[in-house]
Amino acid sequence: MSRYLLKSLLYVIPSVIGISIVLFTVLALAPGDPFEELATNPAIPAEVRANLREKFGLDDPIALRYVRWFGAMVQGDWGFSFASRINVDTLILQRIPVTLFVIGSSLLLAFLVALPVGVLAATRPYSVFDQVASTLALMGFALPTFCTGLLLILVFSIYLDWLPFVYRADISATGWRWYWEHFRQAIMPVAVLGFFQGASWTRYVRSAVLDVIRLDYVTTARSKGLAERVVVVKHVVRNAMIPVVTLVGLQLPAIFGGAIVTEQIFRVPGIGSLLIAAILANDTPVIMAVTFVLSCLVILINLLTDILYGWLDPRISYR
Amino acid sequence: MAGAVILALIAFLVLFGPLFWQVAINEIDFTARLKGPSWRHPFGTDDLGQDLFARMLYGGRISLAVGIAAMLIAVGVGTLVGAIAGISRGRVDAVLMWFTALFLSLPQLPLLLLMIYLFRDALKSIAGPEVGMFVLIVAVIGGFRWMPVARLVRAQFFSLREKEFVEAARALGATTTRTVTRHILPNSLGPVIVAGTIDVAAAIIAESTLSFLGLGFPPDIPTWGRILYDAKDYMDIATHWALFPGAAIFLTVLSITYIGDGLRDALDPRQVL
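If you're matching them up, the sequences are chains A and B in order. Counting the first sequence from 1 gives a position; this note's numbering is that position plus 511. Counting the second sequence from 1 gives a position; this note's numbering is that position plus 9.
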């Protein structure tokens, strides 16, 4: 197991390098010059511009520029935000806890919905429950997050007026009331993201359990006289989870896309809305840093998936 | 089947609707602002009194065009990469699959946004705001969706390559190119068609997401996502404005997904999903 862990950890390094190469290539291929503004400013002579270019190494070979840029990125030196006039790392550190909270709780919600619903639907295939669940899952799968988000706002904030539709980080209440307010405003964003993920997970769980439940070892477990509940929970679900984890791991990068949209709809002050604001304000350092951070989060999630995979299926980690 | 009927209806409306419903998409009428559905304006009007039905028909054309074009790019690139990897084993295969895995682990939407931010001005000045944006969006969406197709094609190639009919073709003296294009490729396209169908839906979602974030087509081009984006500030007083484009996206994507599911059941009876 420890060798497997080490191997998964080592796999992270080429992924980070690969992603940073992609990001840097995109940046380097992009037209436009960081000193364009200076070029059009008649008060700055051409020599000053050339000196500046030399100082920041803009005329160096591209490989050298990449190494320098990557070194700075890894050390957390992400530059200075043009728009908000503070360092990019402080800005991102301020925003990231909210995003992680929303994504984390929505993943939990998706898990809590998908696992029981998928298993129940698969143990009673083609029953009424199965058909309702499958239809709902397909609909949740087809409904993009911005549609569900607007729909929830329409129903719960505008018609029923139960929930606030603007997420506030600066709630003045204290004690229990503070928790309650946070809970109330988090319901809708978390529900939107959670059900979006949960819908596709339910489909995966259902088909994986259906595949496993017909196998001989399940029949053996039943004929030993084990209760149906024990058979399903202990024997079927664990094996069915192996393909599910793969599929979920492949699909997880999409949750960051969903998170960006959700944060934008509910004005959650996370790094997704930071990214959009930065794009609208032409704030290149922030955009690059947020994309880099999101990419690293995806790699982290892939690593967790690998580890979970090794735990679920010991054959993989002993190879 | 229901999916195919709904999709055909939407496609028909979008393609031929503008011939019958000849209201300009940018005709401003301040006397009819934020009106609900009526006979003059079947889907109501927006905050400038522009007819939503005409705008939605126009936006539908763009959405469907983006979906299909992005799917073609994704399937094209995916088939090419998968075919090369599948036929050439060894080092080329390993490198190509490493690339595929790398692309799979990239967060799509942030990168989409990054590319659009970096390249939009350049392309706009080359090809004009509408065409430039269309090319950019289609290329970027397609460029981030070829990986599943590549994996599918590669897996198909691995199994088909060892089949007798391929061996027979080779024994008859067919070149590698001929075996691939005439014998292996046509037989590996079944799952690719299914994946392509799903890709159309995903591309439509991606395009409307971009427009919804205000970063897709320019504001004067009313795509479904853009209409939704404009509508979201008026949801309490003009619900219809947000409801119609939302329903359009939902119905289109749902029917395409249904068609994809049906195709998968028809083409691959073994899979239960």
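None of these hints come from the bench; they were simulated from the model. Just so you know, even glycine gets a beta-carbon here, dropped at the ideal spot from N, CA and C. Be aware that a few hints might be false.
Stretch by stretch, here's where chain A covers chain B in the computed footprint (C-beta under 8 Å, at least three residues) [to be verified]:
no., segment
1, 115-121
2, 214-226
3, 237-244
4, 258-264
Going down the list of hints, with the structure as the test:
1. 115-121: Coverage by chain A holds for the segment 115-121 of chain B (6 residues, Cβ < 8 Å).
2. 214-226: holds (count 7)
3. 237-244: Coverage by chain A holds here, the residue count being 3 at a Cβ distance below 8 Å.
4. 258-264: holds (count 4)
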